[in-house]
Amino acid sequence: MPSSVEFALRCSGVTRFFPSGVAVDDLSFDVPRGSVLALLGNNGAGKTTTIRLLNGVLRPDSGSCRVLGLDPAIHGTDVRRRTGVVTENAGLDDRLTALENLESTARLRGLRGKTARARIDDLLERFDMSRQAGQLCQGFSTGQRRRVALARALLHDPEVLFLDEPTSGLDPAGARAVMELIDHSARERGRTIVLCTHFLGEAGTSADLMAVMHHGRLAAFGRPEELAAARWPFLDVYLDLGGPPTPEVEATLRGLVTVRAVRPVADGALVSVPGRDAIPSVVADVVASGGRVYGTRSLPKGLEDVYFAVQQEIAA
Amino acid sequence: MTLLASATSLERRADGAADAVDRPAASRRLNHDVVRALLSKDMAAARRSRSIVLPLLVVPFVLLVGLPVGIAIYARAGTPPDLGRFLEQLPGPIARDLSALPAQQRLLELVLGYLVAPLFLIVPMMISSALAADSFAGEKERRTLESLLHLPVEERDLFVSKVLFAFLPTVAVSWIGFALYSVAANVVAWPVMGRVFVPTWRWVGLIVFLAPAVAMLGLGVMVRVSARARTTQEANQLGGAVIMPLILASVGQTSGLLMMEPYWIFVASIVVWAIALLLVRGGLRRFTRDRVASRL
Numbered sequence: 090m091p092s093s094v095e096f097a098l099r100c101s102g103v104t105r106f107f108p109s110g111v112a113v114d115d116l117s118f119d120v121p122r123g124s125v126l127a128l129l130g131n132n133g134a135g136k137t138t139t140i141r142l143l144n145g146v147l148r149p150d151s152g153s154c155r156v157l158g159l160d161p162a163i164h165g166t167d168v169r170r171r172t173g174v175v176t177e178n179a180g181l182d183d184r185l186t187a188l189e190n191l192e193s194t195a196r197l198r199g200l201r202g203k204t205a206r207a208r209i210d211d212l213l214e215r216f217d218m219s220r221q222a223g224q225l226c227q228g229f230s231t232g233q234r235r236r237v238a239l240a241r242a243l244l245h246d247p248e249v250l251f252l253d254e255p256t257s258g259l260d261p262a263g264a265r266a267v268m269e270l271i272d273h274s275a276r277e278r279g280r281t282i283v284l285c286t287h288f289l290g291e292a293g294t295s296a297d298l299m300a301v302m303h304h305g306r307l308a309a310f311g312r313p314e315e316l317a318a319a320r321w322p323f324l325d326v327y328l329d330l331g332g333p334p335t336p337e338v339e340a341t342l343r344g345l346v347t348v349r350a351v352r353p354v355a356d357g358a359l360v361s362v363p364g365r366d367a368i369p370s371v372v373a374d375v376v377a378s379g380g381r382v383y384g385t386r387s388l389p390k391g392l393e394d395v396y397f398a399v400q401q402e403i404a405a
Numbered sequence: 103m104t105l106l107a108s109a110t111s112l113e114r115r116a117d118g119a120a121d122a123v124d125r126p127a128a129s130r131r132l133n134h135d136v137v138r139a140l141l142s143k144d145m146a147a148a149r150r151s152r153s154i155v156l157p158l159l160v161v162p163f164v165l166l167v168g169l170p171v172g173i174a175i176y177a178r179a180g181t182p183p184d185l186g187r188f189l190e191q192l193p194g195p196i197a198r199d200l201s202a203l204p205a206q207q208r209l210l211e212l213v214l215g216y217l218v219a220p221l222f223l224i225v226p227m228m229i230s231s232a233l234a235a236d237s238f239a240g241e242k243e244r245r246t247l248e249s250l251l252h253l254p255v256e257e258r259d260l261f262v263s264k265v266l267f268a269f270l271p272t273v274a275v276s277w278i279g280f281a282l283y284s285v286a287a288n289v290v291a292w293p294v295m296g297r298v299f300v301p302t303w304r305w306v307g308l309i310v311f312l313a314p315a316v317a318m319l320g321l322g323v324m325v326r327v328s329a330r331a332r333t334t335q336e337a338n339q340l341g342g343a344v345i346m347p348l349i350l351a352s353v354g355q356t357s358g359l360l361m362m363e364p365y366w367i368f369v370a371s372i373v374v375w376a377i378a379l380l381l382v383r384g385g386l387r388r389f390t391r392d393r394v395a396s397r398l
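Line by line, the protein sequences are chains A and B. Here my numbering is used: the first residue of the first sequence is 90, the next is one more, and so on. Here my numbering is used: the first residue of the second sequence is 103, the next is one more, and so on.
Quick caveat, the hints were computed from the structure, so don't treat them as lab data. All figures in this text were calculated on a predicted structure; none of them were measured in a lab. Each hint should be verified, as a subset may be incorrect.
Unchecked claim - To be clear about the criterion: a stretch of chain A counts as covered by chain B if any three or more of its residues have a C-beta under 8 Å from a C-beta of chain B, and this derived list gives those stretches:
(1) 140-154
(2) 166-175
(3) 180-190
(4) 194-208
Virtual Cβ for every residue (Gly too), placed ideally from N, Cα, C.
With the sequences and hints as input, model every part of the structure.
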């Protein structure tokens, strides 16, 4: 179990009300340093409020947060000095150029002179915005605005990054680049990242942890594979049989103790087994019954499956 | 991929950048660097905004230069009206001074020396309230406020920069406008007056002390109103309900002030400053991240 300093983010019973109702309700979770947390949920689930609470923009009505060991409600400025945020709306001043937007933020973050300029130039190049640096943001596409906003959030090389829909509006190459950046920042640089997104596929490739929020409450939190294992004790395995299973092969599969379910598909069958260790014996039994196995593929449940399962649990 | 290719050099520089990050002591004193940075950002953006620049230049020019010049030209060309009854209403010494002048000079002195004075309070109130609405409510409308709230900027620094953004250009426009007015009025009226008749010491008191106070008053009102408004237009509409009576009051009282003993201008300035600063101070107290973010 990591010690308290090894947690970049800690929430303990955090609740926040607005006149319209409760926005975050008894939120508790811990995120170790260097992790990517996918913060998921429908619109209005409380994701943005959670980011605002963690970054000291809002104060909790009860409970407390710790970011890098500091309470953002007390040491908000110190916390914000070490965090970077890309808000759902890029939040750029349209009347300024991309460069001016970055320069003003750099000044506000205490970066000056050649250091600031070098950092800005690098980030503009990194996000392929060097040529548009002198243009007013007014004319930018959503993707271009998003890239400038990302560059702005990274100016001071923050230890914690809050990214609210960072790939929204980006083209596929841009989105991929951002996801690579997230991976790199977490794996190589030890940065902690909170990623709010509706793109479950991309969240699934990066997230170490997932939190599903619903009406301000935490409906699920943990490692996607652990949350999946708790919901699906069996592993789905695809057997490539070169065609639909023959009646003999299907009967064999249904007769095996280790196989919980069998579903014939066009090129073979999908079977549910207790784990990977059961696959060789299943293959051996199929071959023994006269069938041919051209290949197998494990189909572990991931973040996306867990998310929808949690949504179904909530609906139920 | 470009993104990762430059990562190593970027990280090296980032380490240096991290060293360069200011880490001021956690004090509640104003961070002048931050205020300057916010102010210069807002000024740069405002310079490119037609909705700010045009009212800032056109309204003062029309009211402070165009209107007085038109009056002076009319007074020179036309037959001056009989001001006898009007002069009877004025305080004795001023009525005596004006009655002693030739008819054309009397009209110019009365209009340009006293009656246009309210314009010099209307303009700062209008400009400061418009800029304050843009500065506070405009940030919400442009959806740039949340990014600012996520920066390591103290609330006080942010508030002060917003106040200065509205106050400094207003005072500059008022003072420059008055300088232009003085030149224009004396030039156009010279064939009739044959002397420099504005500014007088009373005018100087009005422009140097009372006009900035009135600017701060308009700002103070708008700071309070903008906290509730989501758009500049909404702020202007809400603020207008408070500002308009103030403008009407100033129209009614300003010329009278110029006709009274000069110290009344200072008394009025002190009263207006006190009210304005109370409003602004109240606005500062309410300007917390939590309160602002709750209304985003």
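Evaluated hints:
1. 140-154: holds (count 6)
2. 166-175: holds (count 6)
3. 180-190: holds (count 7)
4. 194-208: Answer holds; 11 residues pass the 8 Å Cβ test.
Violated hints for the displayed structure: none, as all numbered hints are satisfied.
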